[in-house]
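A.B. asks: Chains as they are written, first to last, in this note's numbering: chain A, 1 to 316; chain B, 1001 to 1525; chain C, 2001 to 2370.
Honestly, I wouldn't trust all of these hints.
In silico SDA-like links for lysine to any residue, alpha-carbon gap of 25 Å or less [claimed, not checked]:
1) B:1380 to B:1403
2) A:308 to C:2290
3) B:1373 to C:2152
4) C:2230 to B:1190
Derived list of chain B stretches under chain A, where covered just means 3 residues or more per stretch with a C-beta under 8 Å from a C-beta of chain A [stated by the list, open to error]:
5) 1071 to 1081
6) 1085 to 1095
7) 1101 to 1111
8) 1115 to 1125
Some residues of chain C that are not near chain A, with every Cβ distance over 12 Å (derived) [said to hold, decoys possible]:
9) 2137
10) 2167
11) 2197
Just so you know, these hints were derived from the structure itself, not from any lab. Where is the CB? At the ideal position from N, CA and C, for every residue including glycine.
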Amino acid sequence: MSAGLMIYNVLCLAVPFSVALLLAALGENFNQRAGVFNLGCDGIMCMGAFLGFMVPFTLKATPWAAYGNFLGLGAAMAVGAAMGVVFALVTVTFRASQGIAGIGLQMLGWGLAGTLFRHFVGGVTGVEGMAAIAIPGLSKIPFLGGVLFNHNALTYTALLLVPACWFLLYKTPWGLKVRAVGTHPRAADTMGIHVDLIRYQALMLGGAMAGLAGAYLSLCQAKMFSDDLVAGRGFIAVALVYFGRWSPLGILGGALLFSIAQSFQLSMQVWGIKFPYEFAVMLPYVLVIVVLALARKARQLGPTDLGKPYNREMRF
Amino acid sequence: MTALEPISELKLEGITKRFPGVLACDDISLQVRRGEVLALVGENGAGKTTLMNIIMGLYQPDSGTISVNGEEVHFRAPGDAYARGIGMVHQHFMLVPNMTVAENLALGLKELHHFMNLDIKGAAKRIREVSERYELPVNPDAYIWQLSVGEQQRVELVKTLCLGARLLILDEPTSALTPQETDDLIERLQRMASELAIIFISHKLNEVKALSNRVSILRHGAVVFNGQTANHESSELAALMTGHDVVLPRNEGSGPQGEPLLSVRNLCVRGDRGNLVLDGFNLELRAGEILGMAGVSGNGQREFADALAGLRPVESGQMLFEDKDLANRTPREIIQAGMGYVPEDRQTEGIVPSFSVKDNLILKDFAEPRFSKMAFLRRKAIDSNAEMLKERFDIRCPSTSTATGSLSGGNIQKVILAREISREPKALVAVYPTRGIDMGAQEFIHEQLLARRREGIGILLISEELEEVMNLSDRIAVIYKGKILKVLPAVEATRERLGILMAGLADPDSPGDAPVAAQAGVAHE
Amino acid sequence: MNRNKILYSGAIILAVTLIAALLVALVLFAIGASPLATYKTILTGPLSDLFGVTEVLVRSVPLMLVALGIAISFRSGILNIGAEGQIQMGVIASTAMALAMPHAPKAILLPAALMAGALAGAVWGGIAGWLKAKLQVNEILSTVMLNYIAAQVYTFLLRGPMLDPSELETGSGTPQSMRLPELAFLDTLVPGTRIHMGLILALVAALLVWMLLWKTTLGYRMRTAGAGAKAARYAGIPVERYLIVAMLMAGGFAGLAGAVEVSGVHHRAIEGISSGYGFAGIVVALFGALHPGGIVPSAVFFGILLIGADMTQRSASVPANMVLVLQGVIILSIVSAQSFLRNPYAQERFFRWFGRFSPSARKAGKGVQS
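If we strip away everything but chain A, and leave its shape as in the complex, we get:
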């Protein structure tokens, strides 16, 4: 198999595999920019995955079947936002330790998704998922056409969200407030910005996007749901934000890198190379550690107040 064809195959796999990571990481970026890191992202993705599957599945035989996918995505985003609010309550209002709280939220999401699935569905069932939409004209471009322009609507949305998030963060008043709140919350407070409110909003947005990411996994990628579906992608997304230096473009690059690692197993099969299954599955997780180890602190450009709760009454 020629090298060009191999690369083409890898990239064709990489883009759809990157969507879940990309969506979750873009959302988590808002959280971290506002000064909060949400390790419960993984748990939110689990719940999002469950709803992304459950809603179309239940609506299959009903008159609303045509809207099933859409409603599933909407439900995933809504529940994701709600979980974001819960996390905000614990870490912003109660000022709890963000790391442990995140683990707690992850357990909650993971367990709840599994419980609800077993109770309402049980067993292995599939959904139709979303069809790929080939963009007329552009999808005929050799090489790039297959890689970029032959995916489903959610993938296109995710790619478009990269510049959209960049704009939101750097060009709008809300983005300015978010960046201020994550770097120097007291300065923002003295200027009349409601620090807690901004953090709640960022966490809601981040949660909604994580929910959407989870729904993508169950609805578009695997077309089913199981306990092991999310498999730690939420944590990878959190690491991605740091790796991408809190910039949407950097996050896109990181997501592609990790999706290549994730699709390694499939790529190996396509290329006909024998590689122990478990080691291929291990690859993205090892990569996270490598990436974190090599990343040097470039905090000056990012949220320097990340991880610290804000207390106006604290004597400073």
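Given chain A, put chains B and C in place with the hints provided.
C.D. replies: Structure of chains B and C alone, referenced to chain A:
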């Protein structure tokens, strides 16, 4: 929205505020009118900043009222205060470092916030207007981290004025400025005073005399005096500030100068941003002397203290302590060589706040045979040590098992001092040791330092308070941009001379030429 | 700790438990199970007979060991979320060790197997500790990643090199190792039950951990590094070194837990052997206030919960995943409550409320004036 009407009067009545264990404001009543400059004076911890934060809506008072132009107001958040025309320049600047000046202002200017569009150009325009009007040159496109301390303060002033402040509160505005920059600032404020009302907080009485019309003195959270500045002498005000005629202990200057203890030669140390913060730094500390290091903070003091404690790598140069080079040694080795250290940030660097007093007293010595036997801690020895030190150093705490973080600043500093001194070090480095500490504890600490000096310990005193440095030191070294510019005997040091050196200018060649008036004001400020 | 602080902490933990129970009840309601019946089954079912009680204790042993390790790490300032993977590494190592010397005398075989398990877990935890100390890698992320990696390593070994040859012969292919030689078993304490010497081991470990943290200079260093890293550095304590030490210990305890499970309960390495003890251990540690005195009863309590959850799965058809939900809710409640525990304002208000009941509270509430 910004208020366009001038503030003719701000009145505070009966403001009371409690924090855990401390009554910060005790039934305070004050007023200030347009065209007036009111100085709010008091020692560190008297409640001045807390009061101003209440006015700004950062804290809520437990009781009392605030009225503007006769109308009662309730500020739930800082935005409310700004909307009413009150602005504050904090001691620690409220500027986001990785944003530009214009972006910082845009945060507060709500009218620039259109839904999807941020009007940065509008912010820059507003900045230029105000900047011209009040002659405060500021570049809207500069990033805050690129600016010097003096420039950042100008940005804060411009920002506050852009937000429509008609009453300006300044919290210790000159703490990070050289004497010349201070005079500059005072002059500017005098010009602005005619249109605005100004409250400024200070504990430096010469500035109070220079700038204010009226002065209110706070002591332990209560107003003890209100009056016209012109009618009172600095010494009178100082006495009112402390409640008694305070004579801070002075170095009498007797005693032989001992052997050189610490010789720092050509030290080069890099700061957090990679630049050389200490560049060819030379210093010599002798036994039985107090060497004061004067300088505006940010010229390398912090990095030197860190390097001396073993917490910052030394790029080149030597720090010879009794013939042993301490450069790049571990903190443990330096401590064992006989170096004591009273750090700048007592809450996080000097003690473990959640540990008991007795556990903090053995923070450096827990592995010594005194306090441990074969890896096990000797609780009885630790307890009796704590009791003994509590007595000797007058540490006020309910018991030695109390969590150290709940003590007052002065007592925390006493715990640190007790620990360091009881280790019988050969040299002691004290960094800003009396910052934020009440007069009584200050007095105690100064006495302790002078007593150690008599015992032959060499003390390096790094401080921002010129008065403290001039009172206690045998010799004074001025640090500027990572080098020691000059070392002079304390008797030859005057405020003017030190001020010129601190600003990096050449020393006037004739010592002892200082005008008498300035010298008189030195002791009690 | 003075009496008021214990009272206050106790009140908060009680409130936390009630809130958690309430929230979980909501979930139970949503899936059509009766909360009261479920709670009744969970709390009373396991203790209904002697066998049940011993089963609870069997479950509590690994929980205790893991939680003790986590308490050490948390108190030293490093959050070990990797117990799950460290347990699995411990299982692999102790099984391999035991199978490697099937004819060695018990006095050598058993301790060797247990130590191998502890060592493997220590190494696995030490990786994360080293990464944090030297490269400032966030330890939560690294330990979570190491969990996933360990799971793959475990599966790989169990289906491949360590697979019981008899499985291959019979063709059943259950991924499990050969049965351990009997000499590698931990003795049973009560005949007819599964409770084993591991319980004694765990209780002794609890005592040792208490002594370590509060009575030794090493423990002092570690607690200082965790409670005030900056001050520790100024005092000459090499904080980074103790981060690594803490993770080695935490990993070691988790690895030991794995080894104990193999030697005491299953007698071979099987799939799902860690069955969530790594995460449950975190909750046990937090619930026990990171103190051995609290961890021991907390581990027993969670043993009851785990067995109870199994029972409800069979009787009330409440899926076992509910345990994860419960654990998650408890963690969220505890960390939320901790802010109240530490908040001096809240503490003061609490004591003003209950001031009449304890005169000494007024003194404690006023703090120090100087």
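A.B. asks: Does each hint hold? Answer for all of them.
C.D. replies: Hint check results:
1. B:1380 to B:1403: Given pair residue 1380 of chain B, residue 1403 of chain B holds - Cα atoms ~19 Å apart, limit 25 Å.
2. A:308 to C:2290: Cα-Cα ~22 Å, so holds.
3. B:1373 to C:2152: violated (46 Å)
4. C:2230 to B:1190: It is violated: about 43 Å lies between the C-alpha atoms, which goes past 25 Å.
5. 1071 to 1081: Check passed, 4 qualifying residues.
6. 1085 to 1095: Held - the segment 1085 to 1095 of chain B has 6 residues with a Cβ nearer than 8 Å to chain A, which meets the minimum of three.
7. 1101 to 1111: holds (count 6)
8. 1115 to 1125: holds (count 4)
9. 2137: At roughly 4 Å from the nearest Cβ of chain A, residue 2137 of chain C sits no farther out than 12 Å, so the non-interface label is violated.
10. 2167: For residue 2167 of chain C, whose nearest Cβ neighbour in chain A is about 18 Å away, the distance exceeds 12 Å, so it holds.
11. 2197: Holds, because the least Cβ-Cβ distance between residue 2197 of chain C and chain A comes to about 31 Å, which exceeds 12 Å.
The structure shown violates the earlier hints numbered 3, 4 and 9.
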